[in-house]
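K.L.:
Keeping their order, the protein sequence lines are chains A and B.
Residue numbers for the first sequence follow the numbering used here, beginning at 82 and rising by one.
Residue numbers for the second sequence follow the numbering used here, beginning at 1324 and rising by one.
Since the hints were made in silico from the structure, they are not lab data.
Treat the numbers as computed from the prediction; the structure is a model and nothing was measured.
Treat the hints with care, as some may be off.
Said to hold, decoys possible - Below 25 Å or equal to it, Euclidean Cα-Cα: the simulated DMTMM-like pairs (lysine to aspartate or glutamate) are:
hint: 1; chain 1: A; residue 1: K167; chain 2: B; residue 2: D1585
hint: 2; chain 1: A; residue 1: K402; chain 2: B; residue 2: E1642
hint: 3; chain 1: A; residue 1: K441; chain 2: B; residue 2: E1340
hint: 4; chain 1: A; residue 1: K165; chain 2: B; residue 2: D1594
hint: 5; chain 1: B; residue 1: K1331; chain 2: B; residue 2: E1377
hint: 6; chain 1: B; residue 1: K1592; chain 2: A; residue 2: E160
hint: 7; chain 1: A; residue 1: K165; chain 2: B; residue 2: E1642
hint: 8; chain 1: A; residue 1: K95; chain 2: B; residue 2: E1717
hint: 9; chain 1: B; residue 1: K1451; chain 2: A; residue 2: E420
hint: 10; chain 1: A; residue 1: K419; chain 2: B; residue 2: D1585
hint: 11; chain 1: B; residue 1: K1422; chain 2: A; residue 2: D437
hint: 12; chain 1: A; residue 1: K441; chain 2: B; residue 2: D1443
hint: 13; chain 1: B; residue 1: K1463; chain 2: A; residue 2: D422
hint: 14; chain 1: B; residue 1: K1410; chain 2: A; residue 2: E140
hint: 15; chain 1: A; residue 1: K167; chain 2: B; residue 2: D1644
Stated by the list, open to error - To give an idea of the chain A side of the interface with chain B (calculated C-beta under 8 Å), a few residues:
hint: 16; residue: D102
hint: 17; residue: C104
hint: 18; residue: T106
hint: 19; residue: L108
hint: 20; residue: A116
hint: 21; residue: G118
hint: 22; residue: V119
hint: 23; residue: E120
hint: 24; residue: T121
hint: 25; residue: G126
hint: 26; residue: I130
hint: 27; residue: A133
hint: 28; residue: G138
hint: 29; residue: A148
hint: 30; residue: P163
Said to hold, decoys possible - Derived list of chain B stretches under chain A, where covered just means 3 residues or more per stretch with a C-beta under 8 Å from a C-beta of chain A:
hint: 31; stretch: 1340–1354
hint: 32; stretch: 1392–1402
hint: 33; stretch: 1457–1465
C-beta: ideal position from N, C-alpha, C; glycine also.
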Amino acid sequence: MHKTTDNELLQDAKKNVSQCDRCGTCLPICPLFEAKGVETSSARGKNTIARALAEGGLEPTPDVLAAVNFCLLCRACVETCPSKIKTDEAMINVRQYLINRAGGPSVKYKAIGGFLKSRGMVKIAAGTLSILRKLGLNSVFPDGMVPEEYTRAHFLAAFAGPAALGQKVLPSDVAVTATTKVAYFKGCGMRMMFPKASAETLKILKTTARVMLKNNVCCGMPHLAHGLRDEFLALAKKNIRLYEDAEVVVCDCASCGGALKHIASYFNEDPEWKDQAAAFSRKVMDLTEYLVKVGYTPRQKVDTTFTYHDPCHLVRGQGIKKQPRDLLKATGKFVEMKEADTCCAGAGTFHMDYPDISSKIIEKKRQNIEGTGAAIVVTGCPGCLIQLTKAAKASGGKFKPMHISQVI
Amino acid sequence: MMREEIKKKIRDIVGPENALDSNLERFTYSYDASFIPLLPANEPDLVVRPLTTEEVSKLMVIAYEHEIPVTPRGIASGRTGGSIPLKGGISLSLDRMTKILELDEKNMMVTAEAGVRTFDLYNYCAAKGLFYPPDPASWKFSTIGGNVAENAGGMRAVKYGVTSNYVMGLEVVLADGTVLQTGGKAIKNVTGYDLVSLFTGSEGTLGIITKALLKLIPMPKKRGTLQIMFRTLDDGCMTIHKMLQSNIVPATAEIMDKTCLDAVARHRKMDLAPAIGASIVIEIDGEDDKALEAQAKQIEAVAKECGSIEFRIAQSQQESDELWAIRRGLSAAVAGLAPNRLGEDISVPRDALPEVVRRIRSVAEKYKLTIAVYGHAGDGNLHPSVLCDLSNHEEAERVHQAVEEIFKAALAVGGTLSGEHGIGITKRPYITLALGEAGVKTLKAVKQALDPKGILNPGKIW
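Full structure from sequences and hints, please.
P.N.:
Next comes the structure, spelled out in structure tokens:
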């Protein structure tokens, strides 16, 4: 297949960022610039760094790599940019370029990448922390597994109200044609950290269709973000093959869904895989997108106030904003929080790499959640759930974070 | 290069994390939003981010003693290179000075530090029913300090004026570190020279503005947005004259030519009727819906008389926001049409607007260039944007000649080089053309008196 050379990566980035007018519109939008305040941390700064690197004005030094790594890939800048500069894509390209030059990614990213690539390892890890500790990844999971109390059973017990308590979950009245072949994509984050939410997703899906179960591999997003492009492509091919017979691939992780929907664009110049990749990306749907499409009715109506945090990879990555809110409004009371679509600074491994900045950003998120008075903050991404769990802890239990499949 | 011992002294003042000198950090403080090429970079030796006026003052004492160039900077969103540290030295970033110090509701005035973003100040005052009108297109990210130093304009100038119309007082750190307080809350004040006006628009060449006392007015209760389409720019301009002559003063009246409209249509993936050659977007404000309706009716009648072909009243806040988002994003949308865009900022007497646009058209033809024209038709401030590829040397030469002719056209009809962006680096070659020898000599005399060592933002204006 066509192998992207280092130079092409850099030229791709240059083509993108050289359209930056340096106007500054992205500055107040970038959560990292907000937290750190220096130009290198802003989208504009990173665009000019990428351009200077491509045009010979900056040397590929470690601090340049650090600067391009210091990006949440949250796309807030892309959305607001009058010239629609794709800073996230430029950063991914420049990271890959610098890593290729340096002879490979850091040991840590390699370890994470290798770990997630192995289906067996991910399965063993589900329910245990020992391997994560060995890999030095235990800081990803601040409280080990997500606390037991944030499960659907507990949610129902605490908030469902007397009418729903102890009742069997009613089957949804959605009519789906018997022939629709719906498959579930189980992301690594959901599998390892939120197995209960993942089980709920499956239950919900089963009320709408006969669900095909697949033994999928990682979506490859962590690999792509940290300079392991070849691994990303290899994983993508495996998944494309695996879901050949499915008509719809439903995903309950914003990042996986975003990555899977974008697979097509990475095979544009590969004659062998181009069509299959495009066909695959077309059939991927976020859980909420799918449920609204099939007219799903939440399993219960509760007297609880929800608020919703938009995962970057859903709201900007996939343009999904309305569907989760509609589902929540149909389940209980819904209050919109301030800056709901501002990145929570989880961003894959960002919160491990830059804990101070990450806590600053999540602190603001906590205040915004508390401002709604909601008992439950809902989201659709395991990375965000980790961050929201930290926020909940800091709030002293004023609210609880839950995956959307646990409440609807 | 700056000596380590000097850097150490500065670090002692602002803290080591606020005096940055890595290659990468210096590079990212080398540019602004002007078309000055990114490379070779005009890097400062040190980026300093003070928190208080006292820190700025102590820093200036050191800079004065060692004759180190100091270039003040807000968020570096200027369009003329004003905050580019052309001679190295210190990039003095005031973006940490973000306190709004006082909102005096009785006198209707607000005091803010230089680094407060204009939009934040606007919202802060709006919450109390008070209105800070200047709204440069960059207001969501540009700072009060930068707005005052450049005497920024904006779209509301036609009805409400520009930044200088609202500056009542300033705190300025002078070249040698002296802290000057000038102006105040008294509305009538003729005690001594009007230093407030002198420092407003001085582009960081006379002193470091650290605080501003700004006048406010009551917030208009209702706002509405109108969009009118015309066959020609002349029809649009005529509409604006007739409106103003009949005492219908809109808050803003923005005009766009066909090149701009095509850029927007492309950007937003929408279709335009082929007959449309120009568009005006107007904001009206008033006491209540009835007052707005009356104004809209009057404007519609005038526009019709002047040959308008479409008239639209925004029906919701969302529709109105959408129209203004198009206008605010225009600069960048136009920039996306070509590898380079030289955006100018000429300002002419309002009645000369159609004439200067005709002259710009013939300049475009003569030099075979695309020039998009948009701007604040209500006050005669225009932004002709030359779309070009500067990597093509032959074309670059044509562009420079065209820009010079645009300036000459503006001066010929009684206008000037810059309405609201300032002179900075990009318009420096033309300053004598605009001000004459005597004018430039007088500027230099003022500069010599306030900055005898020439350390404040050197290399700018002339």
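K.L.:
Using 8 Å as the Cβ threshold, decide whether C104 of chain A counts as touching chain B.
P.N.:
5 Å, holds
K.L.:
Checking hints one by one. Is L108 of chain A an interface residue toward chain B, by the C-beta closer than 8 Å rule?
P.N.:
Holds: closest Cβ of chain B sits about 5 Å from L108 of chain A, inside 8 Å.
K.L.:
Need the status of pair K402 of chain A, E1642 of chain B: alpha-carbon distance at most 25 Å?
P.N.:
20 Å, holds
K.L.:
Is the hint on G138 of chain A kept, meaning its closest Cβ partner in chain B is under 8 Å away?
P.N.:
This interface hint holds because 4 Å falls under the 8 Å limit.
K.L.:
Quickly compare the C-alpha distance for K1463 of chain B and D422 of chain A to 25 Å and report which way the hint goes.
P.N.:
Status holds; Cα separation ~18 Å.
K.L.:
Would the hint on A116 of chain A stand, with a C-beta cut-off of 8 Å toward chain B?
P.N.:
13 Å, violated
K.L.:
Check the hint pairing K167 of chain A with D1644 of chain B against an upper bound of 25 Å on the C-alpha distance.
P.N.:
Holds, at roughly 24 Å.
K.L.:
Grab the minimum C-beta distance from A148 of chain A to chain B and call the hint holds if it beats 8 Å, violated otherwise.
P.N.:
With a minimum Cβ separation of about 6 Å from chain B (threshold 8 Å), the hint on A148 of chain A holds.
K.L.:
Given T121 of chain A was flagged as interface, is its beta-carbon under 8 Å from a beta-carbon of chain B?
P.N.:
5 Å, holds
K.L.:
At a threshold of 8 Å, is the proposed contact between P163 of chain A and chain B supported by beta-carbon distances?
P.N.:
With Cβ-Cβ at 3 Å, under 8 Å, it holds.
K.L.:
Does G118 of chain A pass the interface hint, meaning its C-beta sits closer than 8 Å to a C-beta of chain B?
P.N.:
Where the cut-off is 8 Å and the nearest Cβ of chain B is about 7 Å from G118 of chain A, the hint holds.
K.L.:
Need the status of pair K419 of chain A, D1585 of chain B: alpha-carbon distance at most 25 Å?
P.N.:
Given pair K419 of chain A, D1585 of chain B is violated - Cα atoms ~36 Å apart, limit 25 Å.
Checked against the numbered hints listed earlier, the structure breaks hints 10 and 20; every other hint is satisfied.
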